[in-house]
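J.: Sequence:
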Amino acid sequence: IHAAGGISGAHLNPAVSTTMALFRRMPAWKVPGYIVSQVIGAFMAALLLWAVYSPLFAEMDPDAETTMGIFCTFPYKNTPNMNCFLNEVVGSALLLGLIFALADEYNKPASPCHWWPRSCGSLVPIWFPGLDNERLLLLGAIGGPDRVAASFRYGSQVWTMNDYYFWVPLVAPIVGGAVGAGLYQLFVGIHHYSEEEAE
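In this text, residue positions in the sequence shown follow the working numbering: the first is 573, and each later residue adds one.
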């Protein structure tokens, strides 16, 4: 956030970018470029992880059965995909709702600029609890490219396991981000503007 926040807003995933565009916090024409960059970054990170640790993967998991969760999100066994979808929606809604609260210049003292990177970092634990076996930090972007990278070692199971679960971390964070930001705007954000007009 410190490194790239002043240039791009440091969006790490499509859920943030699409939500920001939906609520006119950034121009919509920038979203495809952001998403392409996020996907390429996630893909390269997964390949780098595999290249660095491939000897350990080969030793600890020679049959490629237990380590694929390092690369991408998978649910616990026998967890229905719709429950996982709801889990991702709620987590993303909390994340984006709180990002909107921190970024709202009218929401003092929650948004002093020098606290912005630290405050956003404190939101990371929101992403961890849930029904997924391996939670990843980059919601949205990681569902596709990391599975492509993982498929080099683990094959088609990264796409087919748990009744084709792979679509859940692609779609649910974008839905959840819109829900969370929308709720913030409905219950907090629009009231700032009405108070300003009243003055």
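Because the hints were derived from the structure by calculation, they are not lab data.
Note that the coordinates shown come from a computational prediction; the quantities given were computed from them, not determined experimentally.
Careful: at least some of the hints might be erroneous.
Pair by pair, the computed Cβ-Cβ distance ranges are [said to hold, decoys possible]:
#1 L594 to T732: 23 to 33 Å
#2 I762 to A636: 16 to 26 Å
#3 A600 to E631: 45 to 55 Å
#4 N679 to D635: 22 to 32 Å
#5 L755 to G613: 26 to 36 Å
#6 G605 to V743: 41 to 51 Å
#7 L628 to I762: 32 to 42 Å
#8 W622 to K649: 16 to 26 Å
#9 P634 to L594: 12 to 22 Å
All C-beta atoms in this analysis are idealised placements derived from N, C-alpha and C, irrespective of residue type, glycine included.
J.: Now tell me, hint by hint, if it's right for this structure.
T.: Structure-based check of each hint:
1. In this structure the supplied range 23 to 33 Å holds for L594 paired with T732, their Cβ-Cβ distance being about 32 Å.
2. In this structure the supplied range 16 to 26 Å is violated for I762 paired with A636, their Cβ-Cβ distance being about 51 Å.
3. Evaluation of the 45 to 55 Å hint for A600 and E631 yields a pass: the beta carbon distance comes to about 48 Å.
4. At about 52 Å, the CB distance of N679 to D635 disagrees with the hint of 22 to 32 Å.
5. The beta-carbon spacing between L755 and G613, approximately 29 Å, falls within the hinted interval of 26 to 36 Å.
6. Distance hint check for G605 and V743: the Cβ-Cβ separation is about 21 Å, which falls outside the suggested range of 41 to 51 Å.
7. As the Cβ distance of L628 to I762 is approximately 52 Å, the hint placing it in 32 to 42 Å is violated.
8. Between W622 and K649 the C-beta distance comes to about 24 Å, which sits within the given range of 16 to 26 Å.
9. For the hinted restraint 12 to 22 Å between P634 and L594, the CB-CB distance of approximately 46 Å leaves it violated.
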